[in-house]
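Read top to bottom, the protein sequences are chains Z and L.
Everything in the first sequence is counted per our numbering, starting at 1 for the first residue and increasing by one.
Everything in the second sequence is counted per our numbering, starting at 1 for the first residue and increasing by one.
It should be emphasised that the hints constitute simulated quantities derived from the structure, not laboratory data.
No residue lacks a Cβ here, since even glycine has one placed at the ideal position from N, Cα and C.
Hints may contain errors.
As the list claims (entries may be wrong) - Part of the chain L face toward chain Z, derived, beta carbon under 8 Å: (1) Gln86; (2) Gly95; (3) Pro97; (4) Tyr126; (5) His128; (6) Ser155; (7) Leu180; (8) Gly183; (9) Arg185.
Said to hold, decoys possible - Here are some chain L residues pointing at chain Z (derived, C-beta under 8 Å): (10) Ala98; (11) Met118; (12) Gly119; (13) His139; (14) Ala151; (15) Glu158; (16) Arg159; (17) His186; (18) Gly191.
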Amino acid sequence: MTDNSGKTVSRRELLLAARTPTVDFGAYDIPEDQVPVPPANAQVLPTACEYCIVGCGYKAYVWPVDERPGGAKADLNAYRANYPVQSATGKWASPNMHNIVRRNGKLHHVVVVPDGETAVNRAGNHSIRGGTLAQKVFNPTKPTADRLQSPLLRVRGMLQPISWDTATSIAAELSKHVIAKYGEASWAMRYYSYHFWENTYALTKLALGSIATPNAAEHDKPTAENDATGLDDSGVDGFSAAYKDWQEADVIYISGVDPYENQTILFTEWIAPGGAKIVFVNPRKSPTAAYAERNGGVHLQLLPGTDALLNNGIARIILENGWEDSTWIGKVVATAEDIKQEKSSWRRVRFGLSFAEYKAWLLGDNEYQLDNVARITGVPAAKIRWAAEMLAQPRGQIRPKASFLLEKGNYWSFNFPNSASLSALGLLCGAGGRPGQVMSRAGGHQRGMMKAAGYPLAKSPAVYHDFRPGDPSGGKIPLNTDEWVFQGKTRLTWALGTTWVTALSAGQSIRDKVSALTRRHAAQVTSFDKDQAIAELKQRTDNGGMVLIQQDIYQNDLTEYADLVLPAAGWGEEDFARAQGERRLRIYSKFYDAPGEAKPDWWIVAQVAKKMGFSGYDWKDSNEVFEEAVGKSKGGAYDATAVVEFAKKQGRRTHDLLREMSTTGIQLPARLEGDKLVGTDRLHDQTFPANRDASKIVKQFNTASGKAILMKGDWLTVKPVREKFAPKADEIWVINGRINELWQTMYDDLRKPFSKRRYPSNFLFINPADAKSRGIESGDLVSVENDFVVNILGEVTKGSLSLVAYVTDEVAAGVGYTYSFYPGQNSNTIVPAVTDPVTGVYNYKIGKGRVRKIGETPLKQVDGGMSFVPRSIG
Amino acid sequence: MTDQTPKRDAAANCDGLCVSRRTALAISAGGVAAGWIIPESGAAAEARPQPQGAATELNTYPRKRVGSLSKLKDGEPISFTYPLEQQPNFLVKLGAPAQGGVGPDRDIVAFSSLCTHMGGNLRGRYRHDLKAIGPCPFHFSTFDLAKSGIAVHASATERLPQVRLEIEGDDIYAVGVNGLVYGFRHNLRDGTLASGAVLPQGPGGSQKTMRG
Ligand code: SF4
Ligand code: FES
Chain Z
1 MTDNSGKTVS RRELLLAART PTVDFGAYDI PEDQVPVPPA NAQVLPTACE YCIVGCGYKA
61 YVWPVDERPG GAKADLNAYR ANYPVQSATG KWASPNMHNI VRRNGKLHHV VVVPDGETAV
121 NRAGNHSIRG GTLAQKVFNP TKPTADRLQS PLLRVRGMLQ PISWDTATSI AAELSKHVIA
181 KYGEASWAMR YYSYHFWENT YALTKLALGS IATPNAAEHD KPTAENDATG LDDSGVDGFS
241 AAYKDWQEAD VIYISGVDPY ENQTILFTEW IAPGGAKIVF VNPRKSPTAA YAERNGGVHL
301 QLLPGTDALL NNGIARIILE NGWEDSTWIG KVVATAEDIK QEKSSWRRVR FGLSFAEYKA
361 WLLGDNEYQL DNVARITGVP AAKIRWAAEM LAQPRGQIRP KASFLLEKGN YWSFNFPNSA
421 SLSALGLLCG AGGRPGQVMS RAGGHQRGMM KAAGYPLAKS PAVYHDFRPG DPSGGKIPLN
481 TDEWVFQGKT RLTWALGTTW VTALSAGQSI RDKVSALTRR HAAQVTSFDK DQAIAELKQR
541 TDNGGMVLIQ QDIYQNDLTE YADLVLPAAG WGEEDFARAQ GERRLRIYSK FYDAPGEAKP
601 DWWIVAQVAK KMGFSGYDWK DSNEVFEEAV GKSKGGAYDA TAVVEFAKKQ GRRTHDLLRE
661 MSTTGIQLPA RLEGDKLVGT DRLHDQTFPA NRDASKIVKQ FNTASGKAIL MKGDWLTVKP
721 VREKFAPKAD EIWVINGRIN ELWQTMYDDL RKPFSKRRYP SNFLFINPAD AKSRGIESGD
781 LVSVENDFVV NILGEVTKGS LSLVAYVTDE VAAGVGYTYS FYPGQNSNTI VPAVTDPVTG
841 VYNYKIGKGR VRKIGETPLK QVDGGMSFVP RSIG
Chain L
1 MTDQTPKRDA AANCDGLCVS RRTALAISAG GVAAGWIIPE SGAAAEARPQ PQGAATELNT
61 YPRKRVGSLS KLKDGEPISF TYPLEQQPNF LVKLGAPAQG GVGPDRDIVA FSSLCTHMGG
121 NLRGRYRHDL KAIGPCPFHF STFDLAKSGI AVHASATERL PQVRLEIEGD DIYAVGVNGL
181 VYGFRHNLRD GTLASGAVLP QGPGGSQKTM RG
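Start from the sequences, fold in the hints, and give me the full structure.
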């Protein structure tokens, strides 16, 4: 067993350090110089990465600690590798891939290794995030020791352990109370969308099925709205592409995402090897921007929030030159008559255009003239024109195969206009449902949502502000759950796997409000007596307050407001399944025991549902939940009904079948052809053989007519809003996003000293010119203050954030960049809660503030742990 | 195909942060698998053979003279193998103080030449202006040499292993390694003792773990 005896940092110090921002790990830790090798008879369990959308395949090798480890010859170890292992074979495990776990009560070694045999991360490629998965598992001698291990109730201000029976009774009684007294819309659930079908099915069964509350939203949004709405409305599923399409493309338009940083294997294993030229649209000159420019592509370094103008400007150049793919447009683009069939989507009816209308609009509006586009976006006209040529100018008879990739930098700055303008540009260039010619989201989390019921839109009081009588579904939009809280209409919130207050916009304002409704409310629990606790919390809900139930694997920034905390079991602690970015369904095997009394989310939800008197929650294991959940996938992009049918025919559990399909799994939708189980490469596949049977979404676009719709992404709806929230006087834009080495709210990275060492603090990338004029150097402590953080009620509030300066020309002058979800240093503090008027999604990226040096950090010293080397180097 | 050099040169044409279609396909297809990592000393430059006969089983790091203070020039890396002959490293004077740096200016450091992601050879990728090495020809990992080999940006799951150094008069000695060298399960197993490396006599030899 590898021990830590050489280390100079105690577990306690590590734990403290993990939870404190701006801690210097520099020159303290000495990395291991050895790693145990699994013996030839180690158990091997297939899984996939917990983190990003790519869902790389991994295998967990498990063996008891008292067994001899494997040897250096291929027949003596489970990798079948001779040591030293050769390069790029996927057969080497680093010390960070190893840990000690309890399995069936006994201590085991585990090595979680990127799998060289999968179809995703071929040859065992991996990112720093997934590569360190083994450090996420619970080990009481490591920084993961602070996993939640029993239900906690806040009694007299302190969270203290209680029994599952008491915890689920309190949750059920309070739920029944608020629903009976104030209606189901007073009961809110905020839930992750990603953490496996078994869990999301169970929790949406309760929220949207049994209770049917309209006060529900996924973790990253205030409303139950889609993500890349303009793309969805065009009829293109967000994950329609196959990864091999990126390899086959000649040119890829990458909007608002750095795939090297955030979908690493999509980039290093599929995009880069394909050699496509890249048109990189991003305010940052990030590593992929550097790659693009060095490989014959172009970086369009636009100013924040100008995407719709740029997309439409490029489309106009294409139209002016007649470079559009007319054959494709004639074949697949919806006519005015087709659009009229869209009875269930007011947005399609309102914003869908025929090609003639689209062309007339773009050519008729001088806003989209190249000079104006260049002036406002800040991108040189020559580069914009060059991008248009790369995307669409035919070379003789041959058109370039252009594909389009987008993510939150696009649809989280101005949701609808940005994503709609991008999908229309893509259709113009011939993309969508052809090999090497596709449009997709790059993706954030994996596809772990399997909804048990639809959102009860009829119950939402919210209506599109410009609603016209006769609009399909009455112009209704899902209610804003934050607004509902501010208005005092939410009496109970159950938050699962989301930090909420540090994720959604105008964070300071949400934290103040939630604190007033919970911790600072007069009614507090003062006894472990169940009935008394319930009575006291009822006092809260009946006197303008709110009860907060949190369900998660660790305490986080939300916990300080929670009344009841429920410990969840997660990745590796239960058999689960979900799909990734090319709709590949796989098993995530349980390989060790969950800590303490932690339980899978589906189990917790089922206990509460049963105590509330609902039926249909008597599942005996996660496979049973899975098989029931799959019933809801029929006909959709994630249709796995054939997989269950196939397993049943063989008399097997579907989870067991999936385990046999290992890390490659199957791309959904799946279907049975004779006695063969067959997957689907890409959706809306216009090359799909007409004589083969498949569901509509496989062969056609996802619209009533089966055609794709040119959606009007109107820059003029963006312009005034952007101007209102743009930096004034000495302010700069402070946008936010992800970074390669960190994942999401860092719930694991905080406890991976190796990862935390790279960014011991949240940072502000600041241009050398902006830094110089403010006397700032890398490693200085700086403050960002924004006095115009409009909250969801329209009130002007303020936000302040302190960060470590990282001086780099990765950002242009006037633009700063920070990590979105650094615990304790959350960028949402300086971002106003401005919603997209069409979809209600926040403009999460549009932050700004005054930047000033407020001190220095130890990170600046030689022995400081953080690197300030510029990242876009070559 | 046992040499990575042509591929690395192909990548160099695009100034580093790129992989040619051909190279990357070769990586994906496991084409590089046959590419034994080449120690930079040149002596064993053809292919790294499997150690013949019984491999060395060391219990402690050996000591090896790897350079001299008076001859080492700013920004000009020197290659050496250590602790095993199959483990290539480089010694470099960064020209600015560094974690684990030795010498009067605390700026002399040594690191493994093998990327801890999947074993890409970093030879020829030292950036003196940045005191960093990379991007790796395979998947772009880049390491900060002034900060004990942590990632600037990387797919690697370990820092670049740092060779611990000591100065004796004008001589620079390698005395240990922080971190596991790519491809190995243990820095002192499955290879042969590096040429010129000397095992400490009796007790009190070089410590296994030392502050870097
Ligand atoms: S690229 Fe994504 S899925 Fe793959 S290892 Fe990294 S974080 Fe995990
Ligand atoms: S081997 Fe992959 S980045 Fe170096």
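Results for each hint:
1. Gln86: OK, holds: Gln86(L) within 8 Å of chain Z, min 6 Å.
2. Gly95: violated, 13 Å
3. Pro97: holds, 5 Å
4. Tyr126: Since chain Z brings no Cβ nearer than about 12 Å to Tyr126(L), farther than 8 Å, the hint is violated.
5. His128: violated, 12 Å
6. Ser155: Given a least distance of 5 Å, the restraint on Ser155(L) holds.
7. Leu180: holds, 5 Å
8. Gly183: At 4 Å from the nearest chain Z Cβ, Gly183(L) passes the 8 Å test, so the hint holds.
9. Arg185: Holds - the Cβ of Arg185(L) comes within 8 Å of chain Z, reaching about 5 Å at its closest.
10. Ala98: The hint holds - Ala98(L) has a Cβ within 8 Å of chain Z, the shortest such distance being about 7 Å.
11. Met118: holds, 5 Å
12. Gly119: holds, 3 Å
13. His139: holds, 4 Å
14. Ala151: This interface hint holds because 6 Å falls under the 8 Å limit.
15. Glu158: Holds. Min distance 5 Å.
16. Arg159: holds, 6 Å
17. His186: holds, 4 Å
18. Gly191: Given a least distance of 6 Å, the restraint on Gly191(L) holds.
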